[in-house]
Amino acid sequence: MQGGENYQKSFYVFEELAQAPSSASATSLIAQAVSELHMGRIEEAETALDQALALEPNNSIAIANKFVLDTISGKDASEARAKLESVDKESEILADLAAKREAFQAAMAKYNPKFEP
Amino acid sequence: MIPRLDATNSETIQVSKPFIVDCVESLQVQSIHRPTARCLSLDDRCHQAEVEVPSAPQRPPVQTPYRPPSSIEHSRLPRDQKKNTVTLRNNNISPLIMDPFSAEGELVNIHTAFIQGQYQLVLSDFDASDFSETNRLPVKVLQYRAQIELGQAPEVLSAVSSAQASSTPDLAAVRIYASFVSKGAKDEKAVAEAEKLSEAQGDNLTVQLLCGTVLARAGKQEQALQLLAKHQGSLDAVALIVQIHLSQNRTDLAVKEAKGARSFAQDALSVNLAESWIGIRQVG
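Chain order of the listed sequences is A and B. First residue of the first sequence? That's 201 in our numbering, and the numbers climb one at a time after it. First residue of the second sequence? That's 135 in our numbering, and the numbers climb one at a time after it.
Next comes chain B alone, as it looks inside the complex (with noise of 0.2 Å):
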């Protein structure tokens, strides 16, 4: 069977209003129904927003904590009951994550322009202002990894000054990986910033990749996928973890890996690449 390319249509998976609702009528009977529809819209109102449930007053109380439909962890929407709300707890997700319940619709088209190697056009085709304010970093970076991807490393290096790195950790990664980049695997000025920067910032989605990469491609994988394994639910995190996994020789924990992603981004174009690294690995 081919597996399915269409990236519009599986990286723009929302939750609406009508949803939450679902979730929370199904909490009475204790068991999560997926929603039916494949692409359900979240609204920006929702996003790290409560969101009002009609009130009422004959349900019993939830005695059981609810658990998400899915096992990852950001899915989760807790009930507040006194207020009879939803809250959706989107505060820890990347914008660049391309997770089914992520709101960032905004930057599908310039991911996938990225993720497909079309570095050209993620440079020609957006600009960070057009973008919502939370999102203009993200474009940002991604803009300047295709610069770099490009064979610009060094004139990303003058365009991010050290002062604006020093305050922000994803320019920071961004300076590193432009100085391994240019300076190649002899770099080891860039190698000891990129592990301090990922033992201070290790959290931050573009310090696990930017960082992840210059170690592993440095030869200190384990420090790498170390490094990764903090990411939550990224697929660009994962993605990096099969190539690591595939650089090992590991196909094995590869194809766990991708698994693992696929089970929550059901049809995401990086799962369907990974997917496809790892079938050049196996033989049969």
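Bound conformation, chain A alone (with noise of 0.2 Å):
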């Protein structure tokens, strides 16, 4: 089992608000996933993600959080990658990405490859 107590107690609330018809919103079904990728559950969380997606279907946090499900349940995350590239371009998951890319580049820059015949 992965988390704990706390990302289950989180998971009540934003489970609660997203699931009744009277206060359900993009916002809580994505804060619903979230809770639901970190105890694992990437089934779940696709549900709550696509839920939202209906609902919103433009939301940049909706596409990022779908672009971490893809990139962990092993799919293709070009798609959402592009997506998010399309409708947030500064969006704090890319603007991050970005910023380990350099961080590997300017590693990398230290050391000279090697190719042994």
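By construction, these hints were calculated from the structure, which means they are not laboratory data. Be a bit skeptical, because a hint or two may be false.
As a list, the in silico BS3-like pairs of lysine-lysine whose alpha-carbon atoms are at most 25 Å apart [claimed, not checked]:
no., chain 1, residue 1, chain 2, residue 2
1, A, Lys283, B, Lys317
2, B, Lys364, B, Lys354
3, A, Lys300, B, Lys320
4, B, Lys320, B, Lys354
5, B, Lys317, A, Lys289
6, A, Lys300, B, Lys354
7, A, Lys209, B, Lys393
Hints are included, so try docking the two chains, each in its own frame, into the full complex.
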């Protein structure tokens, strides 16, 4: 079992909001999906995210989490990534990925590739 | 245990005349009992009004200053002994605050819809003209913020004129926020304006929330926290402070902030949400 009691508690709060018709919103559905991702419930998370995207197809936070979900479940994440780039170029996750790529390149520059014959 | 989510119950806690009388009477024993009823009701007459307390000549004068049951400043009910009345000092409370002692029940539904992320509902179900005059501006601000969340920042920018913004700090803050959201973090002009407005109008809750958001997103988290520290018991401000702490990986400070809010706003939805955001960052 991944995560713990705190994830579960948060999940209940978000799920209660997200699944009650009177309070449902993309925001709560995303929060529910993120809690489920933390608990390793990938399929349930995907269902919640799809519900969020049905409500707000261009919600950049929903797309960013879809990108994460596709990546950790081993799917092709390029579609979600491309969509995120088109909707929110300055998205936190894209900025973070760019920074990590830069750090990797900087580290790599210290080494010379050597190929043994 | 599952935290209870009961917005209508938790956010309409009001204070009634019996509560005030209760406070005055408890002054004699110099200890304050918390009101027994969970939801007391403070009607409009009590808001910013003096409430007559039946005169009781045999009462000994109270020597020690009255201490409120909770630590929030604005719940203090100073007693004017000469007139034998109690004054509710509510004038510093912003209407957006869902504070247990606030009389702003009228805003509960639209505010709940907003914090639940039901932005479409905020726009379609509420009309500022249906609200009492003092609440119209907060309703408009919530609706502009909902529009911005729905990606309509440019529409908000054209709806709020700069003339309106220069006469009303709340609307100035809305304009700055809308500009920042539509142009992204590189909008240095909006950031500079947010800094200026937070210096000039730092006591205004809308300024605190919207300029605080702009500053935090522009990487000036400490400045945002300084501005937000000026809030007067606002759960919206608490929620934003929690988010900023989480964005800085200071879960410990976020926990502290949420705990403080929990002590005066038992079941409020914002506090449940803030604790849940924190829960996602706490493993185990």
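Hint by hint, here is what the structure shows:
1. Our distance criterion of 25 Å between C-alpha atoms is met by A:Lys283 and B:Lys317, whose separation comes to about 19 Å.
2. For the proposed pair B:Lys364 and B:Lys354, the alpha carbon gap of about 17 Å is at most 25 Å, so the pair holds.
3. A hinted pair counts as satisfied when its Cα atoms are at most 25 Å apart, and A:Lys300 with B:Lys320 qualifies at roughly 21 Å.
4. At roughly 13 Å between alpha-carbon atoms, B:Lys320 and B:Lys354 fall within 25 Å of each other, so this suggested pair holds.
5. Among the hinted pairs, B:Lys317 with A:Lys289 is consistent with the structure: their alpha-carbon atoms are about 11 Å apart, no more than 25 Å.
6. Taken as a hint, the A:Lys300 and B:Lys354 pair is honoured in the structure, with Cα atoms around 22 Å apart against an allowance of 25 Å.
7. At most 25 Å may separate the alpha-carbon atoms for a hinted pair to count; A:Lys209 and B:Lys393 meet this at roughly 16 Å.
Hint violations for this structure: none, all hints satisfied.
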